[in-house]
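Peer 1: These protein sequences, in sequence, are chains H and X. Under numbering that gives the first Met the number 0, think of the first position of the first sequence as 0, with each following residue one higher. Under numbering that gives the first Met the number 0, think of the first position of the second sequence as 0, with each following residue one higher.
Capping the alpha-carbon separation at 27 Å, the derived lysine-lysine pairs in DSS-like fashion look like this: (1) Lys136/H with Lys20/X; (2) Lys113/H with Lys35/H; (3) Lys170/H with Lys113/H; (4) Lys47/H with Lys35/H; (5) Lys35/H with Lys15/H; (6) Lys281/H with Lys51/X; (7) Lys35/H with Lys66/H; (8) Lys170/H with Lys66/H; (9) Lys129/H with Lys56/X; (10) Lys127/H with Lys115/H; (11) Lys20/X with Lys129/H; (12) Lys69/X with Lys170/H; (13) Lys63/X with Lys14/X; (14) Lys170/H with Lys66/X; (15) Lys115/H with Lys74/H; (16) Lys20/X with Lys127/H; (17) Lys66/X with Lys136/H; (18) Lys127/H with Lys56/X; (19) Lys136/H with Lys14/X; (20) Lys129/H with Lys63/X; (21) Lys63/X with Lys170/H; (22) Lys14/X with Lys127/H; (23) Lys51/X with Lys129/H; (24) Lys136/H with Lys56/X; (25) Lys35/H with Lys89/H; (26) Lys338/H with Lys365/H.
Going by beta-carbon spacing under 8 Å, a handful of chain H positions derived as facing chain X: (27) Tyr159; (28) Thr161; (29) Asp163; (30) Ile164; (31) Val165; (32) Phe166; (33) Ala167; (34) Tyr262; (35) Leu266; (36) Ala279; (37) Gln282; (38) Trp287; (39) Ser333.
None of these hints come from the bench; they were simulated from the model. Think of the CB as a built atom: it goes at the ideal place given N, C-alpha and C, for glycine as much as any other residue.
Spelled out from the first residue to the last, the chains are:
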Amino acid sequence: MDRKIFTVSEVARDLKSLIEANFSVIWVSGELANCKHHSSGHFYFSIKDAEAVLSGVMWRSQVSYLKFRPEDGMKVLVAGRLSFYPPHGKTQLYADHLEPDGIGALAMAFEQLKKKLEAEGLFAEERKRKLPLLPRKVGIITSETGAVIHDLMQTIRRRYPTMDIVFAPAKVQGDGAAQDIIEKIAWMNQRDDVDVLIVGRGGGSLEDLWAFNEEALARAICASRIPIISAVGHESDFTIADFVADLRASTPTGAAELAVPVYNDLLYTIDQARQGLIYAWKQSLRQWRERLRYSLSHVRDPRLLHWRKRFEEARLHLGYLWKGQAARATERYSVAFQKLKLLSPLAILDRGYAIVLKKGKTLPIKDPEQVVPGEALDVRLAEGRLTVVVK
Amino acid sequence: MRKTGMMQKAAKAVKFEEALKRLEEIVGKMERGDLPLDDALLAFEEGIGLAKFCESKLAEAEGKVEKLLKEMAD
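The task is simple: from the sequences and hints, build the whole structure.
Peer 2: Below you can see the structure in the form of structure tokens.
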């Protein structure tokens, strides 16, 4: 009987040809295991299911296209070719492409980056900056075309017609978009007049919005000295940029409302405060004049009458001129007022002395002979009165 | 040198909010009516000054739109 006897190399060579011929292009689904991200950049792995396992490798050049990081346990789809490596006697899957099975590669990358940055504390409320109430200038980074810049401008103008705006048009999708936005953020930070930044774009698919999920952009937003409001996509779109921004707006209008106060409201608030100030001041004056009138009616000191006249004049002057020349008018007023205080009997009371009066009378008692034992007297103190009985 | 200039100007931006808060604080104090008249006078003056400061800040904006197309060399 003739037996064909193969050498090992012959078997191996034939096996290799056979495999390569039949599995030149193949898609394999399975679970990743033994993942090794080698320092060379090549990715070594096993792909398995319940009953079998295949060895695999993806070269560095293909790995660079991956948006996510393959890990043990992930369910994936691998596209590549099978071959047999004689020196090791191993069948190998050479992967050209790798994608998550069941969830998109982008969605996977999003989840991974989100976990990573959150673990670093970049989403924490504590690191977010507070927006200024009144920015000197508002910076905007978005596409030059489209509804976003239009809505932003319109809303800002409506709320604060004279607000200064610095607009840096940027690429908001496609290659280089993230880098372009990062550069614009840097430009804004180099200025010293922009106090708040709005960074955003309109709605779109995950691919369209992808620049706002890039790690580099997220880090640039965190590093910005100027607080940043993100306005990306629609209400339900959340990008990494939204998580790291100091504030997130679901629409451009919302972003403008966060960035810019309403001019008229501020003016009103200030004016209301001014009115309150004047009213309260007049009230204090009114009270003081009453006290003054009372004490003046009991004393005939010519100096008092002189200063009272000056006081009243200054008060009238103050009333006319307070708006523009409050400082000067109140200065004169203050001088007259100080003099009056010093001369007033009430100043004496404040030092702890008391005025003793006969009941029902208004002239102070200065001589003990004026009273008899058992008589009730009025004692006026700085803070009120007492009734006392003479011993 | 440029950096301290930037920080000073940034401090100016914060001043509006602080001034407004201080103004409202003073109004509150005066409305409670328990300030001695001397202090009321001082508070009144400070308050008027703050109101003018705040209004001047509001008037600083000029309504300009600046478009950045290349790096601003400072």
